[in-house]
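Enquirer: Sequences and hints are given; from them, build the entire structure.
There are 2 protein chains.
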Amino acid sequence: MTKTLLKNIALYRNHIVEEGKNLVITDDRITAFPATADGDYDVVIDGKGMLATPGFVNTHNHIAMTAFRSYADDMRLMDWLEKKIWPAEAKLDGDIVYAQARLGIAEMLRCGTTSFADMYFFMDDVARAVEETGIRAALSRGLTGITPNAQAALQENKDLFRTWHRRGDGRITVMFGPHAPYTCPTAYMRQVVAAAGELGAEIHMHLSETKGEVETVRKEYGKSPIAWADDLGVFDCGCLAAHCVWVDDDDIDILAAKHVRVAHNPGSNLKLASGVAPVPKLLEKGVIVGLGTDGASSNNNLDIMEEMHLAALIHKADTFDPLVIPAEKAVHLLTEGGAKALGYSDIGKLEVGWKADITLIDREGLHWYPKNDTLSLLAYAANSFDVDTVFVNGKLLLQNKEFTTLDIEKIKYEAERSKEKMLSSLS
Amino acid sequence: MTKTLLKNIALYRNHIVEEGKNLVITDDRITAFPATADGDYDVVIDGKGMLATPGFVNTHNHIAMTAFRSYADDMRLMDWLEKKIWPAEAKLDGDIVYAQARLGIAEMLRCGTTSFADMYFFMDDVARAVEETGIRAALSRGLTGITPNAQAALQENKDLFRTWHRRGDGRITVMFGPHAPYTCPTAYMRQVVAAAGELGAEIHMHLSETKGEVETVRKEYGKSPIAWADDLGVFDCGCLAAHCVWVDDDDIDILAAKHVRVAHNPGSNLKLASGVAPVPKLLEKGVIVGLGTDGASSNNNLDIMEEMHLAALIHKADTFDPLVIPAEKAVHLLTEGGAKALGYSDIGKLEVGWKADITLIDREGLHWYPKNDTLSLLAYAANSFDVDTVFVNGKLLLQNKEFTTLDIEKIKYEAERSKEKMLSSLS
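First to last, the sequence lines map onto chains A and B. Residues in the first sequence are numbered from 1 upward in steps of one, following UniProt numbering. Residues in the second sequence are numbered from 1 upward in steps of one, following UniProt numbering.
You may find that some hints are simply not true.
[Claimed, not checked] Within a straight-line C-alpha distance of at most 30 Å, the following computed DSS-like cross-link-like pairs (lysine-lysine) qualify:
1) B:LYS84 to A:LYS83
2) B:LYS84 to A:LYS371
3) A:LYS219 to A:LYS281
4) A:LYS371 to B:LYS410
5) A:LYS410 to B:LYS371
6) A:LYS410 to B:LYS48
7) B:LYS285 to B:LYS219
8) A:LYS421 to B:LYS281
9) B:LYS281 to A:LYS83
10) A:LYS371 to B:LYS219
11) A:LYS371 to B:LYS48
12) B:LYS281 to A:LYS84
13) A:LYS281 to B:LYS84
14) A:LYS371 to B:LYS421
15) B:LYS401 to A:LYS48
16) B:LYS211 to A:LYS281
17) B:LYS421 to A:LYS421
Hints listed in this document are in silico derivations from the structure and should not be mistaken for laboratory results.
Expert: Here you go:
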């Protein structure tokens, strides 16, 4: 048993911040908020006025796409896919995905992220990177029904579940990852839903990302992507729906009624010119929303605090209402909203008995002065370099802005090496 | 004479990046790009693969409003002004403004900003902070014609010009700062334009920020704010127009024909729910555009790299065109566009004979890996903590991410002390 005391911290709980608090971690859980710092502990960390929040959650990623970060920007979607991404993706292997996943995980931890949802391929290698690095993840094998490997991929997702679900001290969960309505025809989706149902797995899927997608699906099926997915039973499995930019009132009613959790990716939606998701309306109707970066190729970083900042800003202009997504709501999306979106029931709040996924934020940067409202400073003024300390599952992974376990120079070297390997096999 | 060599740098020039270059600064100017690092220099800085860009320019600020950073967020504009900001502003004095200006200047330098435009009051104290800290600035006294101090303020702006224009080794320029069409009636504006014309000063003014402003002006004057300002001769003085969110095609034609320079403030426009300025159209018509943070009370930081990132993202979604404001254009807005917006003719490019306002960017962060396109990484993935070194007017003000001349602990202390002084006089 290991007992760690975080003393002298500001504590974000119940949507407010309280100064001068103490927090005890016993093994992987939060076990007390003692009034004083007295007592016997294995480790004592002086928070020096830092702010403790639940670890940040990145609800939508394709982590190995760090390989394509700034590799091919400012292109039209189909040009980008056909000329650059698909040919390069065909050259990926487990070695490259593993190296890129380690890079992406390190970047996320550095930004205060303690758990993420991922959908890609060579997912055994992503799972291995997750297990080794200590982060928490909900992993899914990206599935498309229109490619020759459709059945093999579905089998891989089943195997991924059997091999990795609840592994890594419970940090890894596995979902099924049907890519999108326009790449997963109805018959294939029925197979996916059946497989997920059989294993008791949830589903992570892109839904209603672009106007074009919604038009295509309406033309083909006579209904919206949301209604189509609902009719197929996708939401009955438990579903994390990425994007939901082009959802109408009927769609939102379905999302709310079926407890679908939405991964909102403001940076990616802006960069790809997809649009702005109706997040204020989703929240008003009680839909659970978390934040995601999407892959680094369409962002181009994995900085979830930047997504919080975008979420706090863009919906105000989109609705012409300066009161939507106020600071405390933005911080909620970053933490508890994200944890709920990933299906966690004991993560996303700092409470006794809950998992010790904790981010400590340094408030000594110039942009934190003068000391006015802390939550507002966090939502509107902070940046991810303020993240000082990160615990996942009770383990200290970042302290004083340095990694405690990862060899960052090696991670950068391997990311570069494996990217060069991919590029050289292209030419 | 002091000669400084920056060696082994990547150089952003003519919209591209070249690796392995050297740059020589002699006193306040760039004097050579030698092929080798040989020779006699007073100072040699090894750039170790860092990227050198022209110093960043923040084209619109109310710097002392750092006092109100996160002081009153998530409120409606008139509530915010009437209940919080105006009562607090009435308690400001030169001491408070000086301390807050030093805080804001330090924050801007830390983010790679080498020059800024400001409009506020107690501007002698802001000028003093600019002179002492070494940053470059275009300062104006905020003027409103509907308050009792209208004539006194105009006189202050004249005095500011006579006292400070071209002072601080030429780093300080002074403009006139009529606040906005709805606070400066026509008769007052005629006085302002006459005073500016007499002194050969330019004008810095908020124009067409909100839909409500345009409606009010059209109702009162039968024309748009842009047409109204043009008819009054504002643009003939040389004009930096802040915001220009609600400009139509006729307005844009005027802005282009009269060489008006636009300060684009995406963060502030989003946060206040003002809207999204038609920047792609402004650029297409040849209007000069730079980036601004606006005051810290409506942002809430002074991080101009974040504004670049916003500018690179939001116009894509606003126009549903993923090709608008590509990476190189975003970087141009941050540097040369901003410098032109402030009226500088030998700042904003890294060229022989131009002023040595230079920002060096560390490319070793995880989000800079793998090494794909540098400009794309700068526009889409970087953040202001990557800023490593800053020169203004040939003087080294930041190195290894630390200030070389400013006492940051004292600046933070004074910012907090002076804010508390303001708050205590309110109660």
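Enquirer: LYS421 (chain A) and LYS281 (chain B) were given as a pair; does the straight-line alpha-carbon distance stay at or below 30 Å?
Expert: 41 Å, violated
Enquirer: Check whether the Cα positions of LYS410 (chain A) and LYS371 (chain B) lie no farther apart than 30 Å.
Expert: Measuring from Cα to Cα gives roughly 15 Å; hence the hint holds.
Enquirer: For the pair supplied as a hint, LYS84 (chain B) and LYS83 (chain A), is the alpha-carbon distance within the 30 Å limit?
Expert: 54 Å, violated
Enquirer: LYS421 (chain B) and LYS421 (chain A) were given as a pair; does the straight-line alpha-carbon distance stay at or below 30 Å?
Expert: 60 Å, violated
Enquirer: Take a quick look at whether LYS371 (chain A) and LYS421 (chain B) sit within 30 Å of each other, Cα to Cα.
Expert: Measuring from Cα to Cα gives roughly 13 Å; hence the hint holds.
Enquirer: Please work out if LYS371 (chain A) and LYS219 (chain B) have their alpha carbons no farther apart than 30 Å.
Expert: Not satisfied, since the Cα-Cα distance of roughly 42 Å exceeds 30 Å.
Enquirer: Taken at face value, is the distance from the CA of LYS84 (chain B) to the CA of LYS281 (chain A) at most 30 Å?
Expert: Given that 30 Å is the threshold and the Cα spacing comes to 29 Å, the pair holds.
Enquirer: Hinted pair, alpha-carbon criterion (30 Å max): LYS281 (chain B), LYS84 (chain A). Please report holds or violated.
Expert: 29 Å, holds
Enquirer: Does the structure keep LYS401 (chain B) and LYS48 (chain A) at a Cα separation of 30 Å or less?
Expert: Cα-Cα ~22 Å, so holds.
Enquirer: Is it true that the CA of LYS219 (chain A) sits at most 30 Å from the CA of LYS281 (chain A)?
Expert: Within the cut-off at roughly 26 Å; holds.
Enquirer: Measure nothing beyond the straight line between the CA atoms of LYS281 (chain B) and LYS83 (chain A); if it is 30 Å or shorter, mark the hint as holding.
Expert: The hint holds at about 29 Å.
Enquirer: For the pair we were handed, LYS84 (chain B) and LYS371 (chain A), check the Cα-Cα distance against 30 Å.
Expert: 16 Å, holds
The structure fails hints 1, 8, 10, 11 and 17 (numbered hints given earlier, in ascending order).
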